[in-house]
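We have chain A; now place chain B onto it with these hints.
The primary structure of each chain is shown beneath.
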Amino acid sequence: MYTNLKQIQIIISLLKQFSIKHIVVSPGTRHVALVHSIENDPFFKCYSVVDERSAAYFALGLSESMDVPVCITCTSATASSNYLPAIQEAFERQIQLIALTADRSRYTRFHMENQCINQVDMYGDYVKHSVDLPEVKNDMDYLYVNRSVNEALLALNHHTKGPIQINFLEPLSIKILSEFPLDEIPQCRKIDRLDNITDWHQYADILKNKKRILVLCGGYFDTKKQLTNLLNDFFESFNAVISYDHFSNLTNNEVFILAPFMAEVLNAKEINELQPDIVISYGFKIYSELRNKFNNKNIEHWHIDPEGKVNDFMNSLRKIFPYTPEVFFSNMVNLSNIKNNKLYYKKWIDRLSKITIPNLPFTNFYVVKRLISKLPENINIHLSVLNSIRLTNFFDLPQNVVCFGNIGADGIDGAFSAFLGQADSTDRLSLLIIGDLSYLYDLNASMIKMDNHVRILVINNFSGAEFHYNMGVERIPTLNKHIAAGHSTRIQETVHLSDMEYLVATNEVELENQMKKFLSPHNKPILFEVLTNAISDAEVLRKYYNDNRILTTKNKIRIKLENIVGEKVTSSLKRIINKK
Amino acid sequence: MISKVLEYYYSGGIRHLVETQLDSSMCLNPDIANLFNRVNIKDARSATFYSLGKAKMLQTPVILVVDENYLSSCYTGLTEAWLQRQPIILITYGSRDRSLAHFKRSVDRIIYIRDNRSNDLINIDAIHGPIMIYVQDTNSDDLKIDYTPLLIKFDKLLTAQDTVYCYNPSEQDKPYQFLSHSIYPEYKYGLFSKYLGWALGSKNTSILCCPDHLIQIDLNIFNNSNINKKVKIVLFQTNQNSSFDKEALWLSNNNINVEYYSDFETIDYRKFIDSDFANVIYIENK
Chain A
-1 MYTNLKQIQI
9 IISLLKQFSI
19 KHIVVSPGTR
29 HVALVHSIEN
39 DPFFKCYSVV
49 DERSAAYFAL
59 GLSESMDVPV
69 CITCTSATAS
79 SNYLPAIQEA
89 FERQIQLIAL
99 TADRSRYTRF
109 HMENQCINQV
119 DMYGDYVKHS
129 VDLPEVKNDM
139 DYLYVNRSVN
149 EALLALNHHT
159 KGPIQINFLE
169 PLSIKILSEF
179 PLDEIPQCRK
189 IDRLDNITDW
199 HQYADILKNK
209 KRILVLCGGY
219 FDTKKQLTNL
229 LNDFFESFNA
239 VISYDHFSNL
249 TNNEVFILAP
259 FMAEVLNAKE
269 INELQPDIVI
279 SYGFKIYSEL
289 RNKFNNKNIE
299 HWHIDPEGKV
309 NDFMNSLRKI
319 FPYTPEVFFS
329 NMVNLSNIKN
339 NKLYYKKWID
349 RLSKITIPNL
359 PFTNFYVVKR
369 LISKLPENIN
379 IHLSVLNSIR
389 LTNFFDLPQN
399 VVCFGNIGAD
409 GIDGAFSAFL
419 GQADSTDRLS
429 LLIIGDLSYL
439 YDLNASMIKM
449 DNHVRILVIN
459 NFSGAEFHYN
469 MGVERIPTLN
479 KHIAAGHSTR
489 IQETVHLSDM
499 EYLVATNEVE
509 LENQMKKFLS
519 PHNKPILFEV
529 LTNAISDAEV
539 LRKYYNDNRI
549 LTTKNKIRIK
559 LENIVGEKVT
569 SSLKRIINKK
Chain B
20 MISKVLEYYY
30 SGGIRHLVET
40 QLDSSMCLNP
50 DIANLFNRVN
60 IKDARSATFY
70 SLGKAKMLQT
80 PVILVVDENY
90 LSSCYTGLTE
100 AWLQRQPIIL
110 ITYGSRDRSL
120 AHFKRSVDRI
130 IYIRDNRSND
140 LINIDAIHGP
150 IMIYVQDTNS
160 DDLKIDYTPL
170 LIKFDKLLTA
180 QDTVYCYNPS
190 EQDKPYQFLS
200 HSIYPEYKYG
210 LFSKYLGWAL
220 GSKNTSILCC
230 PDHLIQIDLN
240 IFNNSNINKK
250 VKIVLFQTNQ
260 NSSFDKEALW
270 LSNNNINVEY
280 YSDFETIDYR
290 KFIDSDFANV
300 IYIENK
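Protein chains in written order, with this note's numbering: chain A, -1 to 578; chain B, 20 to 305.
Looking at chain A on its own, in the form it has when it is part of the complex (with noise of 0.2 Å):
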């Protein structure tokens, strides 16, 4: 018999779909659902040792003596604490431990609960991975416990063995903790990770089955080049869609799709018709927000990535290939036997097809416009954050590009220093794409000693732009003051911290004067700075965006409202419309 608590019940399904049997078990109330759950299921093995140190100890000649993962659990409080010198010493000498520590009462923590220390991350830096598990109530604290506890357990042999902890919250009721009504364990979502592959043909086959396929490629750079053709024999040998921004560093192929601007503007409707089968990933991030569009739908997902590492951003991982790119889809394309369809391709150039670019006036998009289409092969670029990274998105680059930029955490500080680490490393002409704020924050590094091939675009709209296109004055009137932090700053004196040459633009004559000079050879570095308008730049872009979308009936009926009664009440209409 097995207790109702849903957390336990992921806990106990995962340790089965990973054979993972061998539990110490030291006395106590806070476990007592998982302890009972687990005592009669004759699949586990359960050893009693009281004290909780040397019950780690103990577990820990186990786990060295026969090389499997053995658990340990206990309650909560210091009885958790006692386990960290075998934690320690099993981190240092590799060892698979998996503390499973009962953990109550989070809100009246140090306030004279009984039994209650912070255990969160308690061992610190000697497990290899640590995760809290609250008490699962809805549907996505199911999923991310569900998550957790596969991405802990799949930490303990990852690369090197070593010791987990499962911090798990468990109600305080006595009642509920040893209740025991299920027969059985309703199985969950596993994630696998494929090491050492022999046989590729059943991934194959399961690909060759599938209608619509969309690869989702991210960050990535190699300098052998090789991804971009056998990406365009996958697309040829399955039925997918290949989508990508320009950190995927591919060269253009006009099959593949420039993801980033569509999850812009795709509706509710378009998103369930370009629903994929499986979604397909790999890269250190995906800037494209289409990442997220088809989350939560309980779509397969695999994702490749060569240090093996657990990326479940859509909530639906199934299987982690930890190869390069290059060998996954090397294998894939070797072992099909059939040819793309296109039907799913060409649901997406249609919508494609749609996108219109207007006559823009002299904004920041303007000038990123202006500046693509008249760069030279074969350079480096750095998108420093925001604008720069979207702007440059929507539009092809020319061959040979490799792009750059901080999207890991998307900050705004460092671009011009890693930008300089680049360049420094090749003797390609090296461009900067930045804004005011971020160029300014990272000031310092204009000492840094410069190459000649160093290119620096400065788009200065004296403000963070970004605010103007996510909130806008209409909305915070104060939004200059701090929050987009508003300025009369001209780069221009900024330069003679440096030894580079100044150019500067105010409008579309003079960016194309001095734009052949920015892009050709010089004896110097050349900083380039153009002056534009944050409120226009941010009106230009949301206009872009709108007059993109396909609008639903629902959402012409939800404008027409919010024009006539406001926002405030429409959107009280809408709660109750969908309550019922």
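Certain hints may be false.
[Said to hold, decoys possible] So the derived list for chain B, only partly shown, Cβ under 8 Å to chain A, looks like this: (1) F68; (2) S70; (3) R104; (4) H147; (5) S221.
[Stated by the list, open to error] Here are the computed distance ranges between Cβ atoms for each label pair: (6) B:A120 x A:N38: 36 to 42 Å; (7) A:E234 x B:A179: 52 to 58 Å; (8) A:Q185 x B:K23: 48 to 54 Å.
It should be emphasised that the hints constitute simulated quantities derived from the structure, not laboratory data. Virtual Cβ for every residue (Gly too), placed ideally from N, Cα, C.
Chain B alone, transformed into the frame defined by chain A:
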């Protein structure tokens, strides 16, 4: 020690070294540092991002050396490098009077290099993201024990599948028939608990040899229903004036047979290994 770390990674093929905010006490040995392409960047944050750009473009690890006092400025750049999976090897040095725990989220590993332990360094093939190497000094003054007379006896009776665990041995590894495992002082806690796990989890013979005083920090594990005839322990008296009577009584009360000997020749090793009881041999220091 920093020179040793630099030498190690130079021999592994790394050629790029970024220096930032080095205190005078941490000047790098020029004979070694000059082997690298060196860049000195004043701002530690800028230096970290610079290293990120370089590592990514060149697709090779880049070494960043910074004094412990200025590590906090490396936090943002390391975080971005961790997310982008870029191999920055940050080397730092200091008195370790500040916590480094928060860096765990922005580097794959923090490696503490103690005296003569440069083998803790990660081979560059295993570096996939940023790591931090902290150079520091430590020492242990625990007495070493020469187990050779005992091990020679066991060598005649044990097979290649059997294991003898020796705590802090003075002798170098010798080619015995059986598997020999050394346990060092930093792992002295829970030695008997671990040993019970080793012994009970193994199908073969496992013997533990260690000084007697260690039992005082792991007594309660003997109150254990899993103990059986697989438990074979040899204890060495480390202090002539110390008594083992109380501990021996505790072991006996838990169904462990304790026998006293004063020299290695009088011990019946075959009986010790084959007996149907959990056995402890106590060797007195005469």
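Okay, the hints, checked on the actual structure:
1. F68: Since the shortest Cβ distance to chain A is 4 Å, the answer is holds.
2. S70: holds, 6 Å
3. R104: holds, 5 Å
4. H147: Holds, about 5 Å.
5. S221: Given a least distance of 4 Å, the restraint on S221 of chain B holds.
6. B:A120 x A:N38: 36 to 42 Å: Once the Cβ atoms are compared, 40 Å apart, the range 36 to 42 Å for N38 of chain A and A120 of chain B holds.
7. A:E234 x B:A179: 52 to 58 Å: holds, 56 Å
8. A:Q185 x B:K23: 48 to 54 Å: Given range 48 to 54 Å: holds, Cβ gap about 52 Å.
In this structure, every one of the numbered hints holds.
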